[in-house]
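Fit chain B to the known structure of chain A by using the hints.
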Amino acid sequence: MDVKPDIQNNPFPGEVHPSPTGGVLVTAIDDVINWARSNSLWQLVFGTSCCAIEMMSTASAKYDWSRFGFEVARATPRQADVIIIAGTIVNKMAPVLKRLYDQMADPKYVIAMGACATSGGPFFYNTYSVVKGADHVIPVDVYIAGCPPRPEALLHSLICLQKKIRAGLTREQIRMEKPEQSF
Amino acid sequence: MTNEDLKIKLSELLPAVTFEEGGQWLNVNIESTDWLPFAKQLRNSPALNFDYLFCLTCVDWKTHLTMVYHLESTTYRHTIVVKSKLDRNKPEIETVSLIWRTADFHEREVYELFGVKFLNHPDLRLLILPDGWEGKNPLRKDFEDPVNMIKL
Chain A
1 MDVKPDIQNN
11 PFPGEVHPSP
21 TGGVLVTAID
31 DVINWARSNS
41 LWQLVFGTSC
51 CAIEMMSTAS
61 AKYDWSRFGF
71 EVARATPRQA
81 DVIIIAGTIV
91 NKMAPVLKRL
101 YDQMADPKYV
111 IAMGACATSG
121 GPFFYNTYSV
131 VKGADHVIPV
141 DVYIAGCPPR
151 PEALLHSLIC
161 LQKKIRAGLT
171 REQIRMEKPE
181 QSF
Chain B
1 MTNEDLKIKL
11 SELLPAVTFE
21 EGGQWLNVNI
31 ESTDWLPFAK
41 QLRNSPALNF
51 DYLFCLTCVD
61 WKTHLTMVYH
71 LESTTYRHTI
81 VVKSKLDRNK
91 PEIETVSLIW
101 RTADFHEREV
111 YELFGVKFLN
121 HPDLRLLILP
131 DGWEGKNPLR
141 KDFEDPVNMI
151 KL
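Sequence order for the protein chains is A and B.
Quick note: the first sequence uses this note's numbering, first residue 1, plus one each step.
Quick note: the second sequence uses this note's numbering, first residue 1, plus one each step.
Don't read these hints as lab results, they were simulated from the structure.
From the three backbone atoms N, C-alpha and C, an ideal C-beta is built for every residue, glycine too.
A hint or two may mislead.
Not close to chain B: a few residues of chain A, all C-beta gaps over 10 Å, as computed [claimed, not checked]:
(1) Thr21
(2) Asp30
(3) Glu71
(4) Asp135
(5) Tyr143
(6) His156
(7) Ile159
(8) Lys164
(9) Leu169
(10) Gln173
Pair by pair, the computed Cβ-Cβ distance ranges are [stated by the list, open to error]:
(11) B/Tyr52 x A/Met56: 28 to 34 Å
(12) A/Ser66 x B/Lys40: 56 to 62 Å
(13) B/His70 x A/Cys147: 26 to 32 Å
List time: in silico SDA-like cross-link candidates among lysine to any residue, alpha-carbon distance up to 25 Å [unchecked claim]:
(14) B/Lys90 x B/His70
(15) B/Lys62 x A/Thr127
(16) A/Lys98 x B/Asp145
(17) A/Lys92 x B/Leu127
(18) B/Lys117 x A/Thr127
(19) A/Lys92 x B/Lys141
(20) B/Lys7 x B/Glu21
(21) B/Lys136 x A/Pro122
(22) A/Lys132 x B/Asn137
(23) B/Lys136 x A/Ala94
(24) A/Lys98 x B/Leu127
(25) A/Lys132 x B/Lys136
Chain A extracted, bound-state conformation (with noise of 0.2 Å):
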């Protein structure tokens, strides 16, 4: 996979100017900690169906999401960034998925992975059971269709939420820029 093009499209925001003795950095701060941000992302082991076997494959040697600033998987909402919702939500589960939300420490992202995480996808007609799309749970920005998504489609998303991220425009961000406005 060629990922040249994503780092020249995100450089560093903001402009050095060089001097004899060392340089000048001009950039908004904002800026300089959304880019820190989008660059470390450590997601939550949080894994309901078999697109957390999708998961778990993007993690590991072949696709390798920690190449792009997905370090570690961490298995307590308390050190997580970003939660991925891989996989269906029943009834009984959304306590819980919304107690891991709450849990996280702000910043957070949610990317919600595959047709169940997404909408209920098979499980949207004649079910008892599962929730219809995790965002009635809890804010999505990110989606991911596919059932399950291959391991690149979820490497696309990944790199779809730091560019989100960088920009300012995640849920999470915007709630935090307008409080009032709530989601």
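Frame of chain A; chain B shown alone:
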């Protein structure tokens, strides 16, 4: 034991059984009232020794329910499928959780999803469904849930 030998042996144990072949395994149809003594013989007969119940489930055929038990012998490696029709309005069958311990949870699952009452079960209550689902059986074909279900 081959399927032919199994048929002879099972007919000796219970003359009323009927057989179906054509699938992967030999199907054995029995009356639900014969099930408990028949199951004990399947488990304890030295020649059969069905010591492994690897699947216990139920099917809703709209006209009736069918209990399905998959049995295997870990010593002889032969497998049978025992099926028994139940009355849809009053589904009752004897528990086999005292013969095969694994049936305990499987029967609880069938109890909550299909409403089959397992007689003499030691702990017949909901397994996975949340409290308040007693009497509602989501895997019945005529199950309706206007709150959670979107009908196609």
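To see whether the hints hold, each was checked on the structure:
1. Thr21: holds, 68 Å
2. Asp30: holds, 43 Å
3. Glu71: It holds; A/Glu71 is separated from chain B by about 36 Å at its closest Cβ, greater than 10 Å.
4. Asp135: Its Cβ never comes within 10 Å of chain B, the nearest being 16 Å, so this holds.
5. Tyr143: holds, 20 Å
6. His156: Nearest chain B Cβ is 30 Å from A/His156, so the label holds.
7. Ile159: holds, 34 Å
8. Lys164: Fine: 31 Å to the nearest Cβ keeps A/Lys164 off the interface.
9. Leu169: holds, 31 Å
10. Gln173: Check passes; 33 Å lies beyond 10 Å.
11. B/Tyr52 x A/Met56: 28 to 34 Å: holds, 31 Å
12. A/Ser66 x B/Lys40: 56 to 62 Å: Cβ of A/Ser66 to Cβ of B/Lys40: about 57 Å, so the range 56 to 62 Å holds.
13. B/His70 x A/Cys147: 26 to 32 Å: holds, 29 Å
14. B/Lys90 x B/His70: Status holds; Cα separation ~23 Å.
15. B/Lys62 x A/Thr127: holds, 18 Å
16. A/Lys98 x B/Asp145: Holds: A/Lys98 and B/Asp145 sit about 24 Å apart, inside 25 Å.
17. A/Lys92 x B/Leu127: Holds, at about 13 Å.
18. B/Lys117 x A/Thr127: holds, 24 Å
19. A/Lys92 x B/Lys141: Given pair A/Lys92, B/Lys141 holds - Cα atoms ~22 Å apart, limit 25 Å.
20. B/Lys7 x B/Glu21: Within the cut-off at roughly 11 Å; holds.
21. B/Lys136 x A/Pro122: Holds - the C-alpha atoms of A/Pro122 and B/Lys136 are around 23 Å apart, at most 25 Å.
22. A/Lys132 x B/Asn137: holds, 21 Å
23. B/Lys136 x A/Ala94: This hinted pair holds, its Cα atoms lying about 21 Å apart.
24. A/Lys98 x B/Leu127: holds, 23 Å
25. A/Lys132 x B/Lys136: holds, 21 Å
This entry satisfies every hint, going by the numbered hints stated previously.
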